[in-house]
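Q: All chains, please: the whole structure from these sequences, using the hints.
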Amino acid sequence: MDLSYGPEYNAFRAEVQAFVAANIDQQPKPGDGPRSQAVQAWQAKLIANGYHSRTIPRDYGGYGADPDIIKPRIIAEEFSAAQMNTGFSGQGISMLTPVLLELGTETQKQQFIRKTIHGELIWCQGYSEPGAGSDLASLTTKAELDGDEWVINGQKIWTSTAHISDWIFCLVRTEPEAPKHQGISFLLFDMNTPGIEVRPLVDMTGAANFNEVFFTDVRVPKDQIVGQRGQGWQVANAILGHERGSLAPPDAAMARINGVIRLMQQETISGERAIDNPIFRDRLMKLQGRVMAMQYNDMRLLSARINKNQDTKLAGMVVKLIGTELRHEIECLGIDVLGEIGLSYEDNPYLRGNGSWQYQYMYFLGLIIGGGTSQIQKNIISERGLGMPKEPKLAAPGV
Amino acid sequence: MEFGLSQEQGLLQDSIARFVKDQVSLETVRAVAADPNLDQSVWTGLSELGLAGLIIPETHGGVGLGLLDAVVVAETLGYHITPGPFLSTAIMAPTLLMAANKTDRLADIAAGRCRVGIALSEAIGARLDAGISVSGDRLNGKALFALDAMADAYLVNGPNQSLYWVDSKDSGLTRTLLTTIDKTRTICELKLDQAEAVLIADAPEVLQTGLDAGRMAQAADSLGAAQCMLDQAVVYAGQREQFNRVIASFQAVKHMCAEMASQLEPCRALVWYGGHALSEGNDNARLTVCHANAHLSEVAQFVARTSTEVHGGMGFTDLVGLHYWFKRIGANRQLLGSPELVREEAARIQMLVA
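In order, the protein sequence lines correspond to chains Z and U.
With the working numbering, letter number 46 in the first sequence gets 46, and the count goes up by one each step, no holes.
With the working numbering, letter number 66 in the second sequence gets 66, and the count goes up by one each step, no holes.
Hints were generated in silico from the structure; no laboratory data involved.
These figures come from a predicted structure and were not determined experimentally.
Be careful, since some hints might not be right.
[To be verified] Listed below are the simulated DSSO-like cross-link pairs for lysine-lysine, each with C-alpha atoms no more than 30 Å apart in a straight line:
id	chain 1	residue 1	chain 2	residue 2
1	Z	K142	Z	K180
2	U	K327	Z	K286
3	U	K21	Z	K313
A: Rendered as structure tokens:
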């Protein structure tokens, strides 16, 4: 057990701290939109200094550093400690860019990566469909080749940011005769193409975090495909695994626990501070212990990426399941210590924390379901983690 | 940076596991459960492996390892529900004596010649009208739920978190075995009537240091025991057939196992870090120990219940012996402080208690 990062990294940390100190006053304001000059300039500055798109080659607009597991963590730690803006995120950056780097053509890399990481091109992900949720591979949105163009018809759902996106990366069925996992292709296309309709999907939080996207005879150039025809499932799977763990980072959960502590020290119940109520306090301590376990689990996972001999398969598989459930419970405690005040929402004058306790409580229920439901996670853990057999397949209807 | 066990710690774990698998089978556990005196032969074997002196410095005849190593061993012993006084004699007694700088008895402990019981229940959270008073070098009163009914001596807490050494042969000491659910470790009542006692420490920090080490080892013991129950559930579900298929292929059963695994796996990192933090004397060591202990009490209880359910009716019988793990986990939950008390201590450490 050696938890020090070593002298090389101490020097790097000092470098990051100096950058943070020099630039903390120049970061964008909370109201600046993604297309604003302030946000775009900030993004360019982060990339130029290696604090965003760090390992993406310079030829494609990145910083071009050698891969390193510790340095991004140090950057995250220092930015988080100073509450410094970390630049653009989103599915184009976290999911599409890694795929293009690995499987895209040189033309695609040149065309998309630089603009994507600089926030000039915002992407949405067209995977789920009304009839293809947990069983994603049964998706039916079809693309048929007509001359040099794909013609796309069908519907996607749960499409975050579709209403503000410039482009979409989309799974479509191109080989209807093939087995379901082998008939899918991964297409890229402009959201302004004729035949695309985006309808916001209002969720229980009151916000439209998702959209429905309808495709009617959408015509897309034939070469806007990543990987080969019929290989879209393999392409998508490579990045879905990447999404899951990142939905529930334990450090964010601990920051939220600390928020509950401050709340409990401020709010009173019949003149007594909530923190002085032993039942609320016990719930708080229970959650703190569980989050602490996830934080050390995270360190174990980080360490395993450096020391390849460590077996952390199971430790990685449980992060999404446990992390999202935990956040839901933490937000619930925040509401409960507020009692009736905890019901406040939107414009209520008694609102606490900008309404975030109720909002996050509901939002994380969404994440328990999204990104692979808790039940799907349990299937994965039992089958791939514990080696238990798959549920036997039912005979096809009529057979 | 390396978060994990060293190669040496892996080897230590393997060698202890091999020994207890061969020498301390479930049959041995059953024999000890029927006659607690038989645990001495188990302890002699473990002492010959060096376990009695595991954390005692080499200058006193021990192996000189740290608390993370002790955690690794405790996890292994918990996995195999190994009977005996490892927690009291090998972890808590040496930690208490070293913290008090009373080293003259360490060599006997390391050599396996002296089992030391621990009577701290009244300091942790007195439940009954027990308690010890001091007059001169004599102790009077009663200590309940002392660890190890076969010990050669006891470390007993006196007034104001003081700590005394009492020899089991002392004519002023009467010892009664208290039957509990857990037959893999023994518990007793100590009645002291003008018993001769040696003052070990009168600083509360000493007692706290011993308790921290004990709670950490106990959390590791629960981790190991729960891991074994999970492993047994997965194996059993893979063999038992109903409706013409193994029950492991039913989603209801798979999800029970996945829930056990997903709660238990992160505990491994928490327990390792707790042992490491205690060894290094990190600032957050005590908080981590409290959380590790209380959290493992909860998770292990969940696993104990769920694994039993996966085994169906057989889990409820004596035939499979699963109940020995269930009861060991149940005992760990109460001894050295129930989870609510330990969590309250976690809150106190962070100054969240008025």
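Q: So, for every hint listed, does it hold in this structure?
A: Right, here's what the structure says about each hint:
{"no.": "1", "hint": "Z:K142 with Z:K180", "verdict": "holds (12 Å)"}
{"no.": "2", "hint": "U:K327 with Z:K286", "verdict": "holds (23 Å)"}
{"no.": "3", "hint": "U:K21 with Z:K313", "verdict": "holds (26 Å)"}
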